[in-house]
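**Student:** Here's the letter readout for the chains.
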Amino acid sequence: MNKNYLLPLDEAAYNFGFLDEYAKKEIRRALLKAISIPGYQTPFASREMPMGKGFGTGGLQITLSIIGVGEKLKVIDQGADDSVNAVNLRQFIEMTCPGISGTEDTERASLIQSRHRIPETPLRKDQVLVLQVPYSDPLVVVEPSESKRKTMHGEGDYSRLLTKLYEDIVKYDEITISHRYPTRINGHYVIDPSPIPRFDVPKMHMSNALILFGAGREKKVYAVPPYTDATPLAFDDVPFRIEDFRDENGKRRVCRRCGADNSFLEESINDAAGLKLHQCSDSNYCNRRLSLSGPARIGAEEGGI
Amino acid sequence: MKKILEIRGLSKVHGHKCPLCCDFTGPKHDTNICRHCNSIVAIHDISLDLYEGEILGIMGESGSGKSSIVKTIFFDEIPTDGDALFFDNNEQYSLFTINAARQRWLRNHRFGMVYQSPHLGLNFSISAGGNIAERLLMSDLFHYGDIRKRALELLSRTEVPSERMDQSPGKFSGGMQQRVQIAKALATRPPLLLLDEVTSGLDLSVQARILDLILEIQRDLGTAMIVVTHDLGVVRLLTGRTIVLKNGRIVEHGLTDQVLEDPQDAYTQQLVASAL
Numbered sequence: 004m005n006k007n008y009l010l011p012l013d014e015a016a017y018n019f020g021f022l023d024e025y026a027k028k029e030i031r032r033a034l035l036k037a038i039s040i041p042g043y044q045t046p047f048a049s050r051e052m053p054m055g056k057g058f059g060t061g062g063l064q065i066t067l068s069i070i071g072v073g074e075k076l077k078v079i080d081q082g083a084d085d086s087v088n089a090v091n092l093r094q095f096i097e098m099t100c101p102g103i104s105g106t107e108d109t110e111r112a113s114l115i116q117s118r119h120r121i122p123e124t125p126l127r128k129d130q131v132l133v134l135q136v137p138y139s140d141p142l143v144v145v146e147p148s149e150s151k152r153k154t155m156h157g158e159g160d161y162s163r164l165l166t167k168l169y170e171d172i173v174k175y176d177e178i179t180i181s182h183r184y185p186t187r188i189n190g191h192y193v194i195d196p197s198p199i200p201r202f203d204v205p206k207m208h209m210s211n212a213l214i215l216f217g218a219g220r221e222k223k224v225y226a227v228p229p230y231t232d233a234t235p236l237a238f239d240d241v242p243f244r245i246e247d248f249r250d251e252n253g254k255r256r257v258c259r260r261c262g263a264d265n266s267f268l269e270e271s272i273n274d275a276a277g278l279k280l281h282q283c284s285d286s287n288y289c290n291r292r293l294s295l296s297g298p299a300r301i302g303a304e305e306g307g308i
Numbered sequence: 479m480k481k482i483l484e485i486r487g488l489s490k491v492h493g494h495k496c497p498l499c500c501d502f503t504g505p506k507h508d509t510n511i512c513r514h515c516n517s518i519v520a521i522h523d524i525s526l527d528l529y530e531g532e533i534l535g536i537m538g539e540s541g542s543g544k545s546s547i548v549k550t551i552f553f554d555e556i557p558t559d560g561d562a563l564f565f566d567n568n569e570q571y572s573l574f575t576i577n578a579a580r581q582r583w584l585r586n587h588r589f590g591m592v593y594q595s596p597h598l599g600l601n602f603s604i605s606a607g608g609n610i611a612e613r614l615l616m617s618d619l620f621h622y623g624d625i626r627k628r629a630l631e632l633l634s635r636t637e638v639p640s641e642r643m644d645q646s647p648g649k650f651s652g653g654m655q656q657r658v659q660i661a662k663a664l665a666t667r668p669p670l671l672l673l674d675e676v677t678s679g680l681d682l683s684v685q686a687r688i689l690d691l692i693l694e695i696q697r698d699l700g701t702a703m704i705v706v707t708h709d710l711g712v713v714r715l716l717t718g719r720t721i722v723l724k725n726g727r728i729v730e731h732g733l734t735d736q737v738l739e740d741p742q743d744a745y746t747q748q749l750v751a752s753a754l
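These protein sequence lines are chains A and B, in that order. Just so you know, the first sequence maps onto residues 4 to 308 in my numbering. Just so you know, the second sequence maps onto residues 479 to 754 in my numbering.
In isolation and in its complexed conformation, chain B is listed as follows:
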């Protein structure tokens, strides 16, 4: 399998960051907050690889730094330290050293992001179709008829009724808003999709439909995905490999079955036990 993303030593610290920040935070100290300078070490020394068509899970409790990883990859946050390489066809991009214009191009054309809150990913002042059109227009598609056709295809793929295409997502249910977000993220056929707690706050039947949809997309389009969740069921169903985070550090990683069936780290054991 071909590697699509390689992250090495990724760190993100909110605050001034003193030399002791990383030594006095983490699972060993059971805190993210540096007691010397009060900086918050959201993530520290994160390294991971992602391969084409693979779904990688990132799990951990609230505040463990899961979302910080995907937000950094999607350029919503600037990392404090670390490198990330994105391999796209024959091109290779060093995500944190390329210029801002190139970062925006990657964000608009090659990455897709589905946020936990639809308010972050959708524009509620325009229609669902308009949200998808906006992303298509970024990729230089200027034919109104073709834009409508493609938006309709994407919405029907994500099970949004075609007659609701011209309504604002504000009038949709939570599950449907998430499906519109997924449709929008897929508009440019990105090779990398980032999913941040997409099923949180949704009822079980809606969750199941969204999870099925994600699997279908991976099977049909071969999109590589990073799925951030605190739900072990989601990790078990979707992912092949999993990373477990605590206080901004990776405490365990491996094949999902292995991590869930035979957890080695005490924190993972606790997490798995509490879910059961």
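With the rest of the complex left out, here is chain A:
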């Protein structure tokens, strides 16, 4: 085990928030620019972190730059507070930021770092959501040259992205993008809203909370400021739609644990019975509903209850 983990902060010689003050200042300046120009990918000098790129170093650097003493931090990965990645990140931030406290409760948290999900509980204006982003540019799927992509962003030319949607409809009769759905912010820049599912995209629209995106490997940060327009790309006659979780009979599936019929569901297979099981992806939301109303029928058959 790393001995430094056991040492008090001053002996481990960490600065508060691990990053040096100059680095934090530089990231905060980039964030200010990102907030000022909603959806614009602002470059920043992504630092080496004590974890591999791809494990959320972009989101982590944002969190460490803006976190302060007294902050209540929640870290989730795919909606779960207790996944390995979320636990490791939370422990690391708690270790390097004395005076903050970790929480799993979305409502209590003042700063939420997330990968793949926006919590089900509506966010408030005093909360900040930080999303970890693997690929920052939605145009990367249609244009390999970064300089050309910059021009396309500048001129709001997203015709090639829309052509991709057109081709999807031609081939599959629907838009098949399941996550990273290109979304236009404030009527101009189109962003890659990190690998959140389509279900979460509408939550960005006119959000009460500030949403920050950090891509460590790509060295970019961008933002959706509170009360900002966020419109997923779509056609006038083929509108954007979220996952509806309907079963073969057209009935909305519900969470097998808490019975929620309005949350994003994860599907798992019960090996013994070979049944599909569905439950809330947001573990805190599910637990909270359970504590308020008691358990639903656990182990329900396909389609939840």
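Keep in mind the hints are simulated off the structure, nothing from the lab. A couple of the hints might just be wrong.
Said to hold, decoys possible - Quick list of in silico lysine to any residue cross-link-like pairs, SDA-like style, CA-CA up to 20 Å:
#, chain 1, residue 1, chain 2, residue 2
1, A, K167, B, Y622
2, A, K174, B, H514
3, B, K627, A, Y138
4, A, K174, B, R582
5, A, K153, B, R582
6, A, K167, A, Y138
Based on the hints, put chain B in the right spot on chain A.
**Tutor:** Only chain B this time, still in chain A's reference frame:
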């Protein structure tokens, strides 16, 4: 007739360009390459006018600078010198002095280009309909049904079977690829269409159908066109006026019939004689 394009003193030199480049190249020296600095003078001092609904032919042998002219107009190449004015409705654009964003807007909305190689004009990773849709989406048409309808109209106009609309142009024959390129170029109803050797490499029957299509488009839509070719038959059939290029210089210009029937320049005479 209303003028749509006016080009004056257009030059394009590949290389460092020394003060002697233009003096020691051209038909008189029978070379495009400057012997002092090895720069290639692709075109020099080209001036031409194009009027609404007119088809202007540019002919000459390979390497004479024909394609350089249309590529420069379509902003694929940056000219070394010269001016070009494009007259669009009541607007007037100085093509080489407007900013890059405006140039891209003109390229996407007001100009159409059909390249000799379909690989340059088409995206083979998407369907034929998708290629047309891309251009329509540039002009802010966001209705899927309307896009399909318009793409179908254009493809049927260019004789591409409707059932092949959702296939990649990579699966099409050369002639059909060219017709998809023409359909794509016409998607935004551009007032100016540039055609760079569109019939080269195609068999005679396919060539004839494409030439008929071009004439039909000019008759129905009144699109002004510049047709680059080394084929005298194409020039004779399509164009009203013709420019003859040699070593990047205009050696003769005039009415097509006049140029082909009574060529004044020795090079044009040789060109016409060799074709006959």
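**Student:** If you check each hint against the structure, which ones fail?
**Tutor:** Of the numbered hints given earlier, those the structure breaks are 2, 3, 4, listed in rising order.
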